[in-house]
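K.L.:
Chains as they are written, first to last, in UniProt numbering: chain A, 1 to 297; chain B, 1 to 527; chain C, 1 to 318.
A couple of the hints might just be wrong.
As the list claims (entries may be wrong) - Each pair of labels, with its calculated beta carbon distance range: (1) L44/A with G371/B: 55 to 65 Å; (2) K366/B with Y65/C: 51 to 61 Å; (3) Q28/C with T188/A: 44 to 54 Å; (4) P353/B with Q54/C: 30 to 40 Å; (5) R165/B with Y65/C: 35 to 45 Å; (6) L73/C with T197/A: 16 to 26 Å; (7) V100/A with G368/B: 54 to 64 Å; (8) L13/C with D56/A: 53 to 63 Å.
What the hints assert, rightly or not - Mimicking DSSO-like on lysine-lysine, the simulated pairs with C-alpha atoms at most 30 Å apart in a straight line are: (9) K420/B with K506/B; (10) K219/C with K145/B; (11) K421/B with K366/B; (12) K420/B with K85/C; (13) K230/B with K304/B.
It should be emphasised that the hints constitute simulated quantities derived from the structure, not laboratory data. The structure displayed is predicted, hence computed values, not measured ones. By construction, the Cβ of each residue, glycine as well, lies at the ideal position given by its N, Cα and C atoms.
Chain by chain, the residues run as shown.
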Amino acid sequence: MTTLDTAPVAAPAAAPARAVRVWRTLRSSRAAVIGLSVVAVHVLIALLAPLLTTYDPIANSADEALLGPSRQHWAGTDQYGRDVLARVLYGGRYALGVSVTATLLTVALGTVIGCAAALRGGRFDDVLGRILDAVLSVPAILTLLVVVTALGTGPSVIVLAIAVVYVPQVVRVVRGAALAVVPQDYVTAARARGEGTWAILRREILPNITDVVCVEFAMRASWVVLLISSLSFLGFGADPPTPDWGLMVAENRTAITVVPMASLAPIIALATLVVGLNLAADGLSKAWGVDRIREGS
Amino acid sequence: MPDIHHPGRRSVLAAGAAGAASLGASWLLTGCTGAASAPVLPVAARQGTPDRGGTLRIARPPASDAETLDPAGALSAYEYLGALYNRLVRIGRDGALAPDLAESWEPDDQARTWTFRLRKGVTFHDGRAFTAADAAYTLRHILDKRTASPQAAVLAPLVDPARLRTPDDHTLVVPLKTPNAEFPSLLTHYNCYVVPDGSARSIGRTGIGTGPFKLESFAPAGPGRVTAYKDHWQGRPVLDAITFFTVADMSARSNALLAGQVDLLSQTNLDFATARVIAASDRATIARVENAQWYVLPMLTTEKPFTDVRVRQAMKLAYDPEHVVKVALQGAGTAGWDNPVPPSDPAHISAHPEHDPEKARHLLKKAGHEGLAVDLYTSSYDPVFTPMALAYQDSARRAGIRVRVRTAAADSYYTQIWMKKPLMATYWYTGRPVDQLFTQVFRGGSSYNETAWSDKDFDALLDRARRETDDTRRRELYGEAQTFVVDKGGAITPMFADRLVGVSRKVRGYAEHGFEFDYLGIGLKGA
Amino acid sequence: MLSFVARRIAAALGTLLLASVLVFLAVQALPGDVATQVLGKDATPDAVAALRGQLGLDRPAWERYIDWAGGALHGDFGTSLVSGKAVGGEVASYLGNSALIALVTVLFAVTGSIVLGVLAGLYRDRWPDHLISTASLVGMSVPEFVVATVLVLCFSVALPWFPAVVLYGPEASVGQLLPAVWLPALSLAIVMAAYIVRMARTSVIDVMASDYVTTARLKGLSTWRVVTRHALPSALLPTLHVIALNVAWLVGGVAVVENVFNYPGVGKLLLSSVQNRDLPVIQAVALVSAVVYVTCNLAADLGAMALNPKLRTRGRTR
């Protein structure tokens, strides 16, 4: 939803210690383990979709339209006679593909800009802060609609649109985290050694805010999945017959009383993926002491 | 005739359980049983005599903020027109012309001058008597450039507004510039509703006509209300009033019907899945208007690759219309075989080239477009667009044509996509007489020529046909015109669909065919 | 302290100015010439040129921006390209309708989630906490259109308690809209509450573990008093901020939900004006939302300062 300022404290850490810490985190946080496993299952299903079903998620079959669950079609069929389960399984490919790309781009851009702002400070930081505030004050849905109507539908446009909406929020969070690192001795030392901004960023700052960035990634991903499905639902997202979960709900929601599974199945898929991502974000932030809830929304 | 969809189990259960529980349970049960049984839809609304009085609530899509009540205008609020106005001539149930405000009409022996004898004792809503001056004014109003009426393109080559004659109050004489044996059929169009003499400036707001209802309120793309006109020449309508609401989203519209907030969905051809949901509900059911929707995938013949007639032919041969009817309509319609004249029209010819993906492939190869990839635009404007597009895509794949279905916004579909994108999905109401149809949609230069197809030989053929006074010969010429369009034109016409109209179970006396809607007889029972 | 308030207000105004520039630029980027759009099928080159002149589209962008921003300061947002009515009045009536939903949503969300959040915090790691936490997790994970669709099926179709759609236009009276407000507001509140619950829970846990609560308990204060005196206020404070920040989200969420319910609100206006390229309306809606967003944030900041003595003295770190 929105972003609150935050200033989590990150301790400097060496590489081997970090690996140990990650392992310990994962062992200690049940939520993170469950969340990450749910996401992993989704990834596996998406990758193996062609092996898990013999049905074509796109081909029409008029004789089998609007069937309830049966031995042949575990989740029934939709009004084109397409197997709902096959569409849900393949739908993961689209949902994960687009949202992971979008989240990666968003978090990467946001991290670089956020760190740069923290490191450079001064006027650059001030101006950036003002611009981000202004961008944040414009309703996200408007930004999305403008980008999508300006550039047309398609996965790459959606990725771009999401980046435009979420980068400012990531910048704020990352900047907050980086600000805690910048005054540390080792950064000052690096500066004294005359290292460039980019080098300091990469060697000194980034390793120390990995946890914030990871939590940010998991949390952002959960919103991106939701946002993409909302866009599809409004008719600004994926083009039919793409097996996209949001689109499936939009296509089948009027028929929910006749073939409930046709809309329930994609909802379940969508919700479990988002729950998984949320749990992972929760678990990781708790284990790492990142104030997730304040960051959240 | 009772509706045939439910096998009785549901009603037994509903009787057994009480109140709210039964509603919830029946909803769940239809969810389960509906899945296994073969899809069956009722064919008509409930029959029987309606109670006198009552208010019918109709939900319609908002056409545009620019819509008016001027029937001659381009963006008219269609639902209001039939309630507020009459035409000189309308189309009867059998597809033939029927008298409306004109009691009879006859041509001279060359079909060059037409004389209409007008009905007596007809009054407008403001009390004025209807005379030949009003009828003549209506034609002049349509032909007036400032009106920008779409029907002007059809009538202007025929009618000179200065030469209309009204020898007495109840006779209108229309001399034509060129002979036309089908002229009265052109006056059945919805742009030709009769308005009072001299009303051009006000008619868009006042809606004063001779129809069974008079206007109480109207807001463009908003709600409105009409009330019974007691002095209507055919007698008072059954209803006291009709309230119109506008709902943009199709599923919101059907939800309003399911929740009992409205009684009828106009301009809404329900897709098969929604139709089944409505038919299975306690409050509403489905009425079918046979072959009332004429679906088209127009190829813009001015845009590549459709400038090449071989590509157009390949696009038509590549797909199987029967497959489209099956997938998109679940059989509730008739395959069109790219002939725009509906099977119910007396002039319809049934001969057509067979579905032949191999030949399509061959034609594309010759045209240098092997493995053709095209974008096909659809929108949620009409719920059958996307199913039709997907079915076409699926079927044309066998000819090696790759179709990418793209969704465009419903609100701006007819300003941004129609007649702008090379390939898109659209529909017309059937019920246009054959000459009107060809002149309006296929003749070179017409404002509704959605394929921008312009062929001098075809236009000459039309001219010959409309001049021909011998009925049999004229029908043959219109048959030739159909073959011409199927062979060379830019319109892919996969199917004629039954219009699946959502109506409340309380509605009685519902009758609709083509553009014609019976506002006089429709009513409610036990409302 | 006063200077802090002044600084905050100045910053808010600066943000608004920048936002107005961004909005203006973004809207100019929309494809499709407005003149062609307005004229539709009758767009001859002459007519397009004439209309462009009439709309001032042939002037440089910065001039048009100054004109527009100047007018907006006086509440004059131009005329809608589609309906030809004054944009200000049109947006105001839609905005009023949305405000009705927003008000009910916030009421539902805040009362519901504070109660649940405090409960979860008090019963930390016991079954009420698990139940509430799981429910809020699910609430966060389900898109609002799903919630809205399910609510319509249950409470308007199966049980005819509420209208499924709104049949009136933007001029509808509050009385006409009131029956239709509950379901859209509930759908939004469920999604929004999911976030607030988690927030309130954490705050309560923090407070209950704090020294002064321990002291209060040792002094023999009843649990009820501890909750009302300490837990509730501490849950309210951060919630205030979440609500303010959610105003921006509400506009987006409202667009989806208003679409499902055909509710004549600002989200629906935004959707249709983007589709119709009604630029003056888009700009006005965006600017008004920015004003609302900035104002709410400012109010929340100042409110938080008033409520929290620590913040009052220290000022806020940005």
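K.L.:
Verify the proposed pairing of K219/C with K145/B, using a straight-line Cα cut of 30 Å.
P.N.:
Violated: K219/C and K145/B sit about 91 Å apart, past 30 Å.
K.L.:
Check whether the Cα positions of K230/B and K304/B lie no farther apart than 30 Å.
P.N.:
violated, 57 Å
K.L.:
Holds or violated: K421/B and K366/B, Cα atoms, limit 30 Å.
P.N.:
Given pair K421/B, K366/B holds - Cα atoms ~25 Å apart, limit 30 Å.
K.L.:
Taking the CB of Q28/C and the CB of T188/A, does the distance hold inside 44 to 54 Å?
P.N.:
holds, 45 Å
K.L.:
Between L13/C and D56/A, does the C-beta distance stay in 53 to 63 Å?
P.N.:
Hint holds: Cβ distance 58 Å, inside 53 to 63 Å.
K.L.:
Are K366/B and Y65/C spaced within 51 to 61 Å by their CB atoms?
P.N.:
holds, 55 Å
K.L.:
Can you let me know if the beta-carbon spacing of R165/B and Y65/C is within 35 to 45 Å?
P.N.:
violated, 60 Å
K.L.:
Does K85/C sit within 30 Å of K420/B, going by the straight-line distance between their CA atoms?
P.N.:
holds, 28 Å
K.L.:
Starting from the hint 16 to 26 Å, judge whether the C-beta atoms of L73/C and T197/A obey it.
P.N.:
violated, 41 Å
K.L.:
May I ask you to test the hint 55 to 65 Å on the CB atoms belonging to L44/A and G371/B?
P.N.:
Check failed, 35 Å falls outside 55 to 65 Å.
K.L.:
Given the hint of 54 to 64 Å, check if V100/A and G368/B actually sit that far apart at their C-beta atoms.
P.N.:
violated, 40 Å
K.L.:
Mind checking the alpha carbons of K420/B and K506/B for me, to see if they're no more than 30 Å apart?
P.N.:
violated, 43 Å
Going down the numbered hints, you'll see the structure goes against 1, 4, 5, 6, 7, 9, 10, 13, while the others check out.
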